[in-house]
Amino acid sequence: MAGPSPQVNPDVSGQGRLLSVGVLERAPWWALVLLIAGVFAFVSIRRSPVYLETYQFLLPAVFVTIKLALAAYVVAMVLGLLAALGQISRHPIPSTIARLYVEVVRGVPLLVQLIYIAFVLTPVLADLTGIRWFRNDMVRAVLGLGIGYGAYLAEVYRAGIESIPRGQGEAARSLGMTPWQAMRHIILPQAIRVILPPLGNDFVSMLKDSSLASVISVTELTYSGSLLNARTFRSFETYNMVALLYLIMTLIGSLGVRGLERWAGKGKR
Amino acid sequence: MSRRSLWVLSSIILIVVFGVAACQQRQAQQPGATQTGKLPDLGGRTIRVATDATYPPFEVVDKTSNQVIGYDVDLINEICRLVNCKPEVKNAKWEGIFPALQKGDYDAVLSGVTITEEREKTMDFTEAYIEVGQVVLVRADETRINSVDDLADKVVAVQIGTTNDELATKMQKEGKIKQIKRFPSFDLAVRSLLNKDADAVIIDSVAASGYMGTNPDKLKAAGEKFTSEGLGIVVREGDATLQGAFNAALAELKKNGTLDRLYQKWMVEYKPS
Numbered sequence: 151m152a153g154p155s156p157q158v159n160p161d162v163s164g165q166g167r168l169l170s171v172g173v174l175e176r177a178p179w180w181a182l183v184l185l186i187a188g189v190f191a192f193v194s195i196r197r198s199p200v201y202l203e204t205y206q207f208l209l210p211a212v213f214v215t216i217k218l219a220l221a222a223y224v225v226a227m228v229l230g231l232l233a234a235l236g237q238i239s240r241h242p243i244p245s246t247i248a249r250l251y252v253e254v255v256r257g258v259p260l261l262v263q264l265i266y267i268a269f270v271l272t273p274v275l276a277d278l279t280g281i282r283w284f285r286n287d288m289v290r291a292v293l294g295l296g297i298g299y300g301a302y303l304a305e306v307y308r309a310g311i312e313s314i315p316r317g318q319g320e321a322a323r324s325l326g327m328t329p330w331q332a333m334r335h336i337i338l339p340q341a342i343r344v345i346l347p348p349l350g351n352d353f354v355s356m357l358k359d360s361s362l363a364s365v366i367s368v369t370e371l372t373y374s375g376s377l378l379n380a381r382t383f384r385s386f387e388t389y390n391m392v393a394l395l396y397l398i399m400t401l402i403g404s405l406g407v408r409g410l411e412r413w414a415g416k417g418k419r
Numbered sequence: 394m395s396r397r398s399l400w401v402l403s404s405i406i407l408i409v410v411f412g413v414a415a416c417q418q419r420q421a422q423q424p425g426a427t428q429t430g431k432l433p434d435l436g437g438r439t440i441r442v443a444t445d446a447t448y449p450p451f452e453v454v455d456k457t458s459n460q461v462i463g464y465d466v467d468l469i470n471e472i473c474r475l476v477n478c479k480p481e482v483k484n485a486k487w488e489g490i491f492p493a494l495q496k497g498d499y500d501a502v503l504s505g506v507t508i509t510e511e512r513e514k515t516m517d518f519t520e521a522y523i524e525v526g527q528v529v530l531v532r533a534d535e536t537r538i539n540s541v542d543d544l545a546d547k548v549v550a551v552q553i554g555t556t557n558d559e560l561a562t563k564m565q566k567e568g569k570i571k572q573i574k575r576f577p578s579f580d581l582a583v584r585s586l587l588n589k590d591a592d593a594v595i596i597d598s599v600a601a602s603g604y605m606g607t608n609p610d611k612l613k614a615a616g617e618k619f620t621s622e623g624l625g626i627v628v629r630e631g632d633a634t635l636q637g638a639f640n641a642a643l644a645e646l647k648k649n650g651t652l653d654r655l656y657q658k659w660m661v662e663y664k665p666s
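Chains as they are written, first to last, in my numbering: chain A, 151 to 419; chain B, 394 to 666.
Here chain B stands alone, though its shape is the one from the complex:
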């Protein structure tokens, strides 16, 4: 063979070899896909998830690494592992988080969001991934407040726009709370409580534990949980693809014990540094 035809032949062989190898890689991915064959496949797309990281242990900014960590972060990571997506968790302010979702700035909101009828009107939820109840948080040395019924002459602090805010407002109309202070985030509400500007904070039980953890010996819960609500992942109204994928993943995670493991990790063992 001439030098030139040797060149051409080897090039063709190389191209064929690389082409087959590339096809092999794609085929190698197939078994993985068939393992999750029952679950929807989101094709590796990036899911932008908004969360208000002032809500331990669901989401909080880790002091050492400056990353958002928490139950919700682990949850979306587990979900994406099952339905093949890449989660991008963004810390966002609670106020305006839903309009931003609707506008398309995010694909989902995962931020300890309670499922309510009012919210269902303008956005879609997954099934509840955990149940929480609201609880009254007070200073450790508080003696006058033992339950949610002792707030008639007290000042209560909440985060604006939460179900806690709605409940407190309703209670105020019924004369069961004297004054409400509303803040853009729960850490300011808890700060207000610690500064003695408020007598109590109405907050979800799990976040209450989170704040009790970060303020050891300064806070306690007054009485038991007095409501029971489910938290869900929020997607845009009509986004059936994500809603279906997340629901399928959640069902699987519930079945294979991952949700229990996450609960154990974040609700029982987690002690913020």
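Chain A with its partners taken away, still in its complex shape:
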């Protein structure tokens, strides 16, 4: 999980110059190599019964991983926004709480946080409040990953908000808007362009970090890989397939992020 990167790449697709000199350098050779590797993998899956079985065993876990990553990311986005606004706020209470959250969560490894939330915090909460959802492993994983990522997303939001020139906020308030209205109608909509690409990248990160939930027995991809490996002792095929499936998910995610970056770059002065 790297820090926030609010840089936006402008569109360099060079429309209308497809056959010009630059195409040899600008063609996505890396994608071609991966595509060939993907076709090769696909063919070997079709040919080898072992790989086919492995793929069939692991496929349901892929959906669990995606669901987990999505749910955790929604939690992270909400927490991150609140923490960012809290840090910007001039009131001491929200800014202290927000700052504490960000510093503490960024200071503890994500795996440790996840284990802490799953084995220490939620059991206590379940006993105190009697809410049975706290005993659910998936809920715990979503909370653990969401809280863990929220602190990093908070910094992404904050950087995005602070990248909007002060003049915008001043103009908004001179028109009679409250700070909250200025934020909601003027600043945040503009900040979205800066925030979305790093947000997208962090989602791809989340897809990978969802593998940590295997430690608390959530049946996502890494856990299923362990299980298959323990049953069949075929580490080679199992983990080749696990890695391949993660790669496919993250590549699709990354391509989506590039699309986002281009959308964010449009219309910039």
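What the hints contain is simulated information worked out from the structure, not anything from laboratory work. It should be emphasised that the depicted structure is a prediction, and the values quoted were computed from it without experimental measurement. Please note that a few of the clues may not be correct.
[Stated by the list, open to error] Using 30 Å as the maximum straight-line C-alpha spacing, the simulated DSSO-like pairs for lysine-lysine come out as follows:
no.: 1; chain 1: B; residue 1: 431; chain 2: A; residue 2: 217
no.: 2; chain 1: B; residue 1: 589; chain 2: B; residue 2: 569
no.: 3; chain 1: A; residue 1: 217; chain 2: B; residue 2: 589
no.: 4; chain 1: B; residue 1: 547; chain 2: A; residue 2: 217
no.: 5; chain 1: B; residue 1: 486; chain 2: B; residue 2: 563
no.: 6; chain 1: A; residue 1: 217; chain 2: B; residue 2: 563
no.: 7; chain 1: B; residue 1: 613; chain 2: B; residue 2: 648
no.: 8; chain 1: B; residue 1: 566; chain 2: B; residue 2: 618
no.: 9; chain 1: B; residue 1: 486; chain 2: A; residue 2: 217
no.: 10; chain 1: B; residue 1: 496; chain 2: A; residue 2: 358
no.: 11; chain 1: A; residue 1: 358; chain 2: B; residue 2: 486
no.: 12; chain 1: B; residue 1: 431; chain 2: B; residue 2: 479
no.: 13; chain 1: A; residue 1: 217; chain 2: B; residue 2: 658
no.: 14; chain 1: B; residue 1: 547; chain 2: B; residue 2: 563
no.: 15; chain 1: B; residue 1: 611; chain 2: B; residue 2: 648
With chain A held as given, fit chain B onto it using these hints.
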């Protein structure tokens, strides 16, 4: 004699004296070798032994010294004393421990490993050095579970990839267990049990005693051992040298009462701090 020839003569005498002394040392080792003449001699080589130290009393990390201690550690020390090797015990994660052995990262795995036919296909075991049975571990205040037959509607926690995991999975297919939670190590499974996220843990009887010891008054065994399995030392498939040496040593240790002594020390008297 001239000064120079005196020098040469004394040097030669010194060299001869040291040479004879060195030979004497080697000879002094011989009687030791003949005492263990019946047992194979591994020539003092280092044996890298992998173990997952979350399995008291076979292997556990001692809180005060931060060293791996336990029955298995003492066992390999005794074996190496007999067959002349130097054991290097390494704490490793259970998952991947066998591939690491096969790859050559370790020479042996000694980690409370149950001898099974499935495992025999890809690695070699020594003879069993101790028999254990699987048992159901529950919270001390549990009243609904009295034996392995009471698990049909319960949640069971195990360590992934163990014979306990295999047995639980089989039982689940037969409808005898409702849900299984699998963890990378037994301490997480027991933690899950203590947190009331699981109703029972299926675990080897000896490790059960180990965890009952570290959590006094919180855990108990529900019923008796319901299986009986032998634990063995694992070596790479085809490594007849180590397998033979270990087997010979184990036979000797069984004969001279060392295994009984270790049992007494770790299964009866050991109380973790």
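ask   = Regarding the pair residue 486 (chain B) and residue 563 (chain B), is the alpha-carbon distance no greater than 30 Å?
value = holds, 24 Å
inquiry  = Check the hint pairing residue 611 (chain B) with residue 648 (chain B) against an upper bound of 30 Å on the C-alpha distance.
reply    = violated, 38 Å
inquiry  = Holds or violated: residue 496 (chain B) and residue 358 (chain A), Cα atoms, limit 30 Å.
reply    = The hint holds at about 27 Å.
ask   = Are the Cα positions of residue 431 (chain B) and residue 479 (chain B) separated by 30 Å at most?
value = holds, 19 Å
task = Please work out if residue 358 (chain A) and residue 486 (chain B) have their alpha carbons no farther apart than 30 Å.
result = holds, 21 Å
ask   = Would the pair residue 547 (chain B) and residue 563 (chain B) pass a check requiring their Cα atoms to be no farther apart than 30 Å?
value = Holds, at about 15 Å.
ask   = Given the hint that residue 547 (chain B) pairs with residue 217 (chain A), does the C-alpha gap stay at or below 30 Å?
value = holds, 27 Å
ask   = Holds or violated: are the alpha carbons of residue 217 (chain A) and residue 658 (chain B) at most 30 Å from each other?
value = Since the Cα atoms of residue 217 (chain A) and residue 658 (chain B) sit roughly 50 Å apart, the hinted pair is violated (cutoff 30 Å).
ask   = Within a Cα-Cα threshold of 30 Å, do residue 589 (chain B) and residue 569 (chain B) meet the stated pairing?
value = The given pair, whose Cα atoms are some 20 Å apart, holds under the 30 Å limit.
query = Does residue 613 (chain B) pair with residue 648 (chain B) here, judged by a C-alpha cut-off of 30 Å?
reply = violated, 34 Å
ask   = Is it true that the CA of residue 486 (chain B) sits at most 30 Å from the CA of residue 217 (chain A)?
value = Status holds; Cα separation ~29 Å.
Straight-line alpha-carbon gap residue 217 (chain A) to residue 563 (chain B), limit 30 Å = This hinted pair holds, its Cα atoms lying about 29 Å apart.
Hints 1, 7, 13, 15 from the list above are not met by this structure, while the remaining hints are.
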